[in-house]
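Participant: The chain contents come next:
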Amino acid sequence: MIDGGQSFVHVYHRYKHRVYAYCYRLLRHPQNAEDAAQETFVKIHRSLDQLENAASLQAWIFSIARNEAFTILRRLRPTEELEAETENVWDEDNPLEKVVQRERAGIVQHCLGLLKPTYRELLILKEYEQLSYAEISQATGASESAVKSGLFKARRAMRKKLESILKERNEI
Amino acid sequence: MNCDEYQEQVSALIDNELADRESELLFTHLSECAVCRATLRSELELRANLREDIPPLAPKELDMRVLSAAKKSRPSEPDRIAIPAMIWQRRFSMRVPVVAAAAFLLIFGSVLLSAIWAESNQTADVRRVQTVFLTAVPAVEVRAYTMQPMTTTQ
Chain A
792 MIDGGQSFVH
802 VYHRYKHRVY
812 AYCYRLLRHP
822 QNAEDAAQET
832 FVKIHRSLDQ
842 LENAASLQAW
852 IFSIARNEAF
862 TILRRLRPTE
872 ELEAETENVW
882 DEDNPLEKVV
892 QRERAGIVQH
902 CLGLLKPTYR
912 ELLILKEYEQ
922 LSYAEISQAT
932 GASESAVKSG
942 LFKARRAMRK
952 KLESILKERN
962 EI
Chain B
6 MNCDEYQEQV
16 SALIDNELAD
26 RESELLFTHL
36 SECAVCRATL
46 RSELELRANL
56 REDIPPLAPK
66 ELDMRVLSAA
76 KKSRPSEPDR
86 IAIPAMIWQR
96 RFSMRVPVVA
106 AAAFLLIFGS
116 VLLSAIWAES
126 NQTADVRRVQ
136 TVFLTAVPAV
146 EVRAYTMQPM
156 TTTQ
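Note that the protein sequences, when read in sequence, are chains A and B.
Convert by adding 791 to the 1-based position in the first sequence; the result is the number in the numbering used here.
Convert by adding 5 to the 1-based position in the second sequence; the result is the number in the numbering used here.
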């Protein structure tokens, strides 16, 4: 069990940049990311002393951040079925033509932003937060095999999109 | 396993999530399959590209927003204290002001009673010291000096 007083401040300073970056990469909007991060830490503060297993702190924090970020995403686009398991891995709302004006790293980030949120979050949790499959499973509520398969699909989709964009860009 | 399944294993391999036996089988396949080797290369390249991105830092305003919100919602100091109740061999609690008022009344009442009692027993030219131990508040000792005609409390 973790005690809630001073340790909250410690947890906050330890995770604030990671939680903000996670929310930012998922939401692609600084103010929304800040709101989600704030709500995340308020919830952590309320229930930190109830966390039984300190070893699962990281996964627990990201599961809270995920809920907050997805709440904002749902509010922004209420019709989107975030949890639907579908082969359509792309979020079609963003205009593709903006992509060709960016550098490679920017293009990668833009592709990540185009990916459906459920796939995007898997890549963010794995590539940036470097969580294990077990931790991602704990944070997202998906099974470890679903995490493994989801990451594979997300990467394949990213690769295909990147290849086509870079090819298109070279042709311009 | 077909190439699609091996490519899923490639994804797990770069995540360091494959068991030894699975890795062995995958490397055997990779040694024979150029398509899956190309997948491994592009997976690694994608990872490198993704990790080129510098993570955004939390703005300073977040500190103020979070820490002040946390301060507001911090549980306040306990306004109740536990009092051991010997009679029932169990604990019960009372609000701090109630305890303080009860203690004050007890002390004040004891001092008053001891002063009255001392006054009724005093002789005109003998200075007597009355000591009253208040057993309900064990740490408090009240001494009533019954000097003429004043009573003081230390």
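These are calculated hints, taken from the structure and not from any lab test.
Note that the structure is a prediction, hence the values are computed from the model and not measured.
Treat the hints with care, since some could be wrong.
To give a feel for the contact side, a few chain B residues facing chain A, derived at Cβ under 7 angstroms [claimed, not checked]:
1. Glu10
2. Ala53
3. Asn54
4. Leu62
5. Met69
6. Arg70
7. Ala75
8. Ala107
All C-beta atoms, glycine included, are put in the ideal place defined by N, C-alpha and C.
Participant: Now tell me, hint by hint, if it's right for this structure.
Facilitator: How the hints compare with the structure:
1. Glu10: 10 angstroms, violated
2. Ala53: 10 angstroms, violated
3. Asn54: 4 angstroms, holds
4. Leu62: 5 angstroms, holds
5. Met69: With a closest approach of 10 angstroms, the B/Met69 hint is violated.
6. Arg70: 5 angstroms, holds
7. Ala75: 4 angstroms, holds
8. Ala107: 31 angstroms, violated
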